[in-house]
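Let chain X serve as the given structure and place chain W on it in line with the hints.
Residue numbers (the working numbering), protein chains in the order written: chain X, 1 to 294; chain W, 1 to 294.
Mixed in with the good hints, there may be bad ones.
Identical copies go unnamed one by one, so any copy, or any two together, can satisfy a pair.
[Unchecked claim] Cross-link-like lysine-lysine pairs, in silico, DSS-like; alpha carbons within 27 angstroms at most: (1) 97 / 32; (2) 12 / 162; (3) 162 / 31; (4) 162 / 102; (5) 32 / 162.
It should be emphasised that the hints constitute simulated quantities derived from the structure, not laboratory data.
There are 2 protein chains.
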Amino acid sequence: MLQQLSAEELPKVEKEISDFINTYTSHEELKKSMLYSIEAGGKRLRPLIILATVKAFQKELTTPVYQTAGALEMIHTYSLIHDDLPAMDDDDLRRGKLTNHKVFGDALAILAGDGLLTGAFQLLSETTLSPSETVLLIQLLAKAAGIGGMVAGQAGDMAAEKNQIPLKDLQAIHHRKTGALLTYAFVAGGILANQTEYVAELLETLGGHIGLAFQIRDDLLDIVGTTEELGKQIGQDEKSEKSTYPSLLGLEGARQALAEELGQAKIVIHQLAEVAEFQPQIFEEVLTLFDLEK
Amino acid sequence: MLQQLSAEELPKVEKEISDFINTYTSHEELKKSMLYSIEAGGKRLRPLIILATVKAFQKELTTPVYQTAGALEMIHTYSLIHDDLPAMDDDDLRRGKLTNHKVFGDALAILAGDGLLTGAFQLLSETTLSPSETVLLIQLLAKAAGIGGMVAGQAGDMAAEKNQIPLKDLQAIHHRKTGALLTYAFVAGGILANQTEYVAELLETLGGHIGLAFQIRDDLLDIVGTTEELGKQIGQDEKSEKSTYPSLLGLEGARQALAEELGQAKIVIHQLAEVAEFQPQIFEEVLTLFDLEK
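Next comes chain X alone, as it looks inside the complex (with noise of 0.2 angstroms):
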């Protein structure tokens, strides 16, 4: 079913991305610079998930539904082109390529970032949906991605490298830096989806246990993953002596800390089922893309 999603219907959601910049950018290098970063791929986890949720409460997939997983895929990529910049994580190598400012220089980057940011809004207003859908859909893209969520979170982040920092605010950074957007992947689709505040909530709770499950998994590959299966270098965090879940909990303790995530969005899913028209197995197919074996 999700590979289906996948392979199926996300190509709609990157027509959707490069349409928009083909059709609106008015200087061709700062076009090629985010087709770039948007065409490097990756597991297009975020519009996924909105995929699967408007799924699970059996809707159809609309034009909406597609825009709003591009908006969202748009936000992640332009953090994704800033966190790199050698002035925050200095990262040569993202999927397997080269990073966007090693191909386009750190000036285009900056820009490529920011007109993928102010464009993910653009184009969430220009949907078809009712105007206060669009407003909320808006509303909650911006808290997520902004100075309450995943901007607050990648500060925090910065502040923590360096430092051995509590468990309780490596989570509090986690839960802004990746957990918000993945959280709003859920609950926009809960959205679309019309489903209830209550629902909503639901799924909220289950963002919030998979975006720290998310980020578990990734401190982990880190060190047992390798550079090719990732498209990254690894052992980043070790040598920057960066707080990880791996470094406060142990190996073992991380690998635990990943699995009870995964039972408690398990336990939110059931609730889900019996709450709403709702498919749990497609969601349960979700939770297999944070096992660490994936």
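Just chain W, lined up with the frame of chain X:
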């Protein structure tokens, strides 16, 4: 009139911005960094134009007006922070104070810019305007600030450095780089004052002339101004061998081009007075802000 708006009403715009940042930012240094650049002041030209436009159409200044003006100033401020970065224009001084990255470091300056940009859309999404007005204001702002507007203009501007380009190309760059946000200020003011589409089109034309006037004046001041007056280093354009109006038209030609744009703007103001309940005096005062003597 403009003096009074500036003294009595702009502080309400500034309060909307600082309240927003203080309420939502969940990272102390990030908050400080954003407030530093917001509080660095400047003429607040863009929010002032929104207030002046609403007033010119004889409407009340309400909270949504201050919020829209605040969102626009947040976008403008983010663009200054990113433009000043070493990877971009590499400026140490802005409005007589150290630039953001000189105080907070490049990484936090990038994030402060990202946060202000994202926050502008959140703030706009939270007004009490009708959802359809809200979506329109968000869409126009994203267009003006984005990949067909300001971000593209900035990319073009960088490419034009160390290259003498034709006047037509220079105008196209400035139309996007500075014209788009100034035009937004007029058009958003018209929307907030419930004006017709025809009036909005006239406001857009007016914004185009004002945008070019602004840039020509800025280029001229880089030659005839002083660091003390401007709060930034002068002579930067010549040093970087940048294409400017004076470099293409000569000092006198640039002065004439400025007068020409302001003359065109005056014609549009008379047209506005013919079709709407409109006080032209306020706009004539606005024009004086773009005179070289001011």
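Hint-by-hint comparison with the structure:
Taking the shortest alpha-carbon separations for residue 97 and residue 32, only the intra-copy value of 15 angstroms comes in at or below 27 angstroms, while the best inter-copy value is 35 angstroms. With identical chains, the CA atoms of residue 12 and residue 162 are never at most 27 angstroms apart, being 42 angstroms at best within one copy and 41 angstroms at best between copies. Taking CA atoms no more than 27 angstroms apart as the test, residue 162 paired with residue 31 passes between copies only; the shortest distance there is 22 angstroms, against 36 angstroms inside one copy. Taking the shortest alpha-carbon separations for residue 162 and residue 102, both the intra-copy value of 25 angstroms and the inter-copy value of 22 angstroms come in at or below 27 angstroms.
For the homomeric pair residue 32 and residue 162, the shortest alpha-carbon distance between copies (22 angstroms) is at most 27 angstroms, but the shortest distance inside one copy (35 angstroms) is not.
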